[in-house]
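Sequence order for the protein chains is A and B. The opening position of the first sequence corresponds to residue 1 in my numbering, with each subsequent residue numbered one higher. The opening position of the second sequence corresponds to residue 1 in my numbering, with each subsequent residue numbered one higher.
By construction, these hints were calculated from the structure, which means they are not laboratory data. Accuracy of the hints is not assured; some may be wrong.
With a Cα cut of at most 35 Å, we get these calculated DSBU-like pairs of lysine-lysine [to be verified]:
#, chain 1, residue 1, chain 2, residue 2
1, A, Lys293, A, Lys543
2, A, Lys251, A, Lys525
3, A, Lys435, A, Lys413
4, A, Lys413, B, Lys39
5, B, Lys39, A, Lys373
6, A, Lys293, B, Lys39
7, A, Lys156, A, Lys204
8, A, Lys345, B, Lys39
9, A, Lys37, A, Lys251
10, A, Lys164, A, Lys496
11, A, Lys525, A, Lys37
12, A, Lys412, B, Lys39
13, A, Lys490, A, Lys103
14, A, Lys292, A, Lys251
15, A, Lys435, A, Lys412
16, A, Lys292, B, Lys39
17, A, Lys204, A, Lys154
18, A, Lys525, A, Lys292
Quantities reported herein were computed from a predicted structural model and do not represent experimental measurements.
Read off the chains here:
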Amino acid sequence: MQWLVRILILIAAVAGIAWFHQVRTHRPTRVEEANRKGILLLGNGTEPATLDPQLASGQPEHMIFHSIFEGLIAPAAGNPDGDAPGAAESWTHDGTFTTWTFKLQPQGRWSDGSPVTTADFLFAYQRILSPKLGADYATMLYPLLNAEAYHSGKLKDFTQVGVKALDDHTLQVTLTGPAPYLPSMLKHYSWFPVPKHVIEKHGKIDDRGNTRWTRPGNMVCNGTFRLKSWLVNQNVEVERNPHYWDAASVKLNGIVFLPIVSDTTEERAFLDGQLHATLTMPLAKIPVYREKKSPFFHSDPLLSVYFYRCNVTRKPFDDVNVRRALALAIDRESITRNILRAGQKPATGLTPPGTLADYHTPDVMRFDPAEAKRLLAAAGYPDGEGFPVFDILINTSEAHRTLAEAVQAMWKKHLNIPVRVLNQDWGVNLDSQRKLDYDVCRAAWVGDYLDPSTFLAMWQTGDGNNNTGWSSPRYDQLISQSFREGDAAKRLQILKEAETLMLNEAPVLPVYWYTHSYLMRPEVKGLLPSLLEHRCYKAVELKP
Amino acid sequence: MRSRINACALGLIVMLVILCGVGPELSPYEQSQQNLELKATNPSLSHWLGTDPLGRDMLTRILHGGRVSLEVGLLATAVAAVIGVFYGMISGLAGGRADAAMMRVVDILYAFPFINFVILLMVIVGREFWLIFVAIGAVEWLTMARVVRGQVLALKNLEFVTAARASGAGFWHIVWKHLLPNVTGPVIIYASLTVPGVMLLEAALSFLGLGIQPPDASWGVLIREGASSMETYPWLLLYPGLFFSATLLALNLLGDGLRDAFDPKSMSQHQA
Numbered sequence: 001m002q003w004l005v006r007i008l009i010l011i012a013a014v015a016g017i018a019w020f021h022q023v024r025t026h027r028p029t030r031v032e033e034a035n036r037k038g039i040l041l042l043g044n045g046t047e048p049a050t051l052d053p054q055l056a057s058g059q060p061e062h063m064i065f066h067s068i069f070e071g072l073i074a075p076a077a078g079n080p081d082g083d084a085p086g087a088a089e090s091w092t093h094d095g096t097f098t099t100w101t102f103k104l105q106p107q108g109r110w111s112d113g114s115p116v117t118t119a120d121f122l123f124a125y126q127r128i129l130s131p132k133l134g135a136d137y138a139t140m141l142y143p144l145l146n147a148e149a150y151h152s153g154k155l156k157d158f159t160q161v162g163v164k165a166l167d168d169h170t171l172q173v174t175l176t177g178p179a180p181y182l183p184s185m186l187k188h189y190s191w192f193p194v195p196k197h198v199i200e201k202h203g204k205i206d207d208r209g210n211t212r213w214t215r216p217g218n219m220v221c222n223g224t225f226r227l228k229s230w231l232v233n234q235n236v237e238v239e240r241n242p243h244y245w246d247a248a249s250v251k252l253n254g255i256v257f258l259p260i261v262s263d264t265t266e267e268r269a270f271l272d273g274q275l276h277a278t279l280t281m282p283l284a285k286i287p288v289y290r291e292k293k294s295p296f297f298h299s300d301p302l303l304s305v306y307f308y309r310c311n312v313t314r315k316p317f318d319d320v321n322v323r324r325a326l327a328l329a330i331d332r333e334s335i336t337r338n339i340l341r342a343g344q345k346p347a348t349g350l351t352p353p354g355t356l357a358d359y360h361t362p363d364v365m366r367f368d369p370a371e372a373k374r375l376l377a378a379a380g381y382p383d384g385e386g387f388p389v390f391d392i393l394i395n396t397s398e399a400h401r402t403l404a405e406a407v408q409a410m411w412k413k414h415l416n417i418p419v420r421v422l423n424q425d426w427g428v429n430l431d432s433q434r435k436l437d438y439d440v441c442r443a444a445w446v447g448d449y450l451d452p453s454t455f456l457a458m459w460q461t462g463d464g465n466n467n468t469g470w471s472s473p474r475y476d477q478l479i480s481q482s483f484r485e486g487d488a489a490k491r492l493q494i495l496k497e498a499e500t501l502m503l504n505e506a507p508v509l510p511v512y513w514y515t516h517s518y519l520m521r522p523e524v525k526g527l528l529p530s531l532l533e534h535r536c537y538k539a540v541e542l543k544p
Numbered sequence: 001m002r003s004r005i006n007a008c009a010l011g012l013i014v015m016l017v018i019l020c021g022v023g024p025e026l027s028p029y030e031q032s033q034q035n036l037e038l039k040a041t042n043p044s045l046s047h048w049l050g051t052d053p054l055g056r057d058m059l060t061r062i063l064h065g066g067r068v069s070l071e072v073g074l075l076a077t078a079v080a081a082v083i084g085v086f087y088g089m090i091s092g093l094a095g096g097r098a099d100a101a102m103m104r105v106v107d108i109l110y111a112f113p114f115i116n117f118v119i120l121l122m123v124i125v126g127r128e129f130w131l132i133f134v135a136i137g138a139v140e141w142l143t144m145a146r147v148v149r150g151q152v153l154a155l156k157n158l159e160f161v162t163a164a165r166a167s168g169a170g171f172w173h174i175v176w177k178h179l180l181p182n183v184t185g186p187v188i189i190y191a192s193l194t195v196p197g198v199m200l201l202e203a204a205l206s207f208l209g210l211g212i213q214p215p216d217a218s219w220g221v222l223i224r225e226g227a228s229s230m231e232t233y234p235w236l237l238l239y240p241g242l243f244f245s246a247t248l249l250a251l252n253l254l255g256d257g258l259r260d261a262f263d264p265k266s267m268s269q270h271q272a
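Just chain A, same shape as in the assembly (with noise of 0.2 Å):
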């Protein structure tokens, strides 16, 4: 009788094994239920450093703003790039795109149903522009007549900056010189209008540690979405927002944005069924993804430069034969053909090609291993000797490291320095930028707004986004000149002339063009392509 109890338990066995598998299998996933429920899963990135849209610089950060707020100008539901009414229903210059003014949606509300005025946008611009504050994209609005002399303390009468409020829904806004590319510009975050009741209720208007309005609960915000919740390295869950001016054509119930630092880590959860977008995805995989046609696969042209940023408040990167070699002796068409492997550009200037059709980058950066050599040895350091031992920082990535640890054997190879690679979590990783407690820096740039400005003005001496302590009196004022410039043509020859003097300094090392790479689930409709990752959140539907 015995056998027969053993044969029992051993079939019980198998089939609760079996019953195992099944349910684990078969349950849906949790792309099966967000499609139900209409809500899209998103990978992204990092977890954001913070919600207030003046205080932000990075990439998570921007993907999130454009789902809860909406500048005067929103991102074109078929073309992410294009313009759009946002907060503005309708907008004019005066023929040389020097003063605008922009009508005010009559509809438009706070998600708390308070309505959105002018006077919201000023007090959003008098805010980022105010000195105590040290907004990173403060340097984005000198365009605005006199906001420079406002944001450095030089003019104390916020009437005197450039935005005007005509009435409360007609908003004038003068700029230093003619700007045809504001429309572009106002799509970025740092145009955004914030709700003056809420954050006056929390705190003061320059006070960075008035964090509180950004919470969930508190948050009041005026885009396609409101915030729902936000759980910190969870995820940030916006919801629709009743109170939008066109809520009727938002298709979606709800975004989730998950932070997955790592990309094998975020392509393993969308092969799950977790995401159904992920932000990046592993260099190793891509190629793979590439010959096998995978319907998942995008690969979209984007503004963006990958570069290492050299610390010249240090020595010996303060010294420009330094820098110079460090630039020359990184192969970048090897990096580009070998390592990365997805139509990836190398770097011959910084500002990316297809930025604007009439400038042309000018060629700086190339591979010459022999001359680096000799400007390390005209610095003090012949053959490498007595060059102390510096670190590249780099935040957490399976890619940064991979490249890093190629750079690292090329600068080993060909100026036979010692160089070690240091991982920072993301957060901490923009401290120390801002901090300048770096040596060599990985970082990466994504146009703000089709112009080459938007790579060159943040180079100028003690703007937020700088970050390297470079400074030259003369790229200062190659920059504001050209902010000033009223022919196209000659702009782009005084922006030129900036990039040029900028390359031959290296306080940054370009590296390489980026291609835009990730993976996206077929029922995701309408998520479009664009060289400034701008997203009409609106115009995106679940079809499954």
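For this one, chain A is given, so just place chain B on it according to the hints.
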């Protein structure tokens, strides 16, 4: 039968130590030498275990990584053993309140989260290679101290210690001449079992990006890198994994064997 397994384990460890010690010198490649054109290749005649995405020879990297892993394993265990033996011995010998207080300290440290501790250390001291030994050693000595204290508690009331004390021997004389030789057995056994644990910890730290820094690699680092591309280049995970698990297995077997050799009582339990 057991002794044959032990001999095999010992042989394997000796072989690995020799391989890791000599191998990287014999290899035609440097462990950090890149060949970007080559990219990640399958094992071949010129690269016996293939190459990684930067075109580095995997065999050389694995052997070099073994050096790091074994070094960390042995040195950190030595640190742990030294701290643990002295702490345990003093605690056991002193007895009474001092003993109770010292053991509560151990309890508190047991409860302290290890990873937090290491991160704190790294923030304060910076990233130094020796820090890994100290950090791991500083955590692993706790159990060692317990083991030694237990031994000392039993030993200190035996006749030969009483006799030594009666003939006027000092504290340190008793520790050095009478107690230390008698706790060596258990300490060696426990240490040999600690080494694999330490190597695992190092792997975990490196897996989190806190341990060894590139271009140096330990087995933990190699396994992490391999794991991130295991669908595309499985050999990058497979070979370091094989080396690592073989070493861990051998060390564990050796530890068991040593225990049997030093402590016949546990041997009979095994056979029962």
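Violations among the numbered hints: The structure breaks none of the hints.
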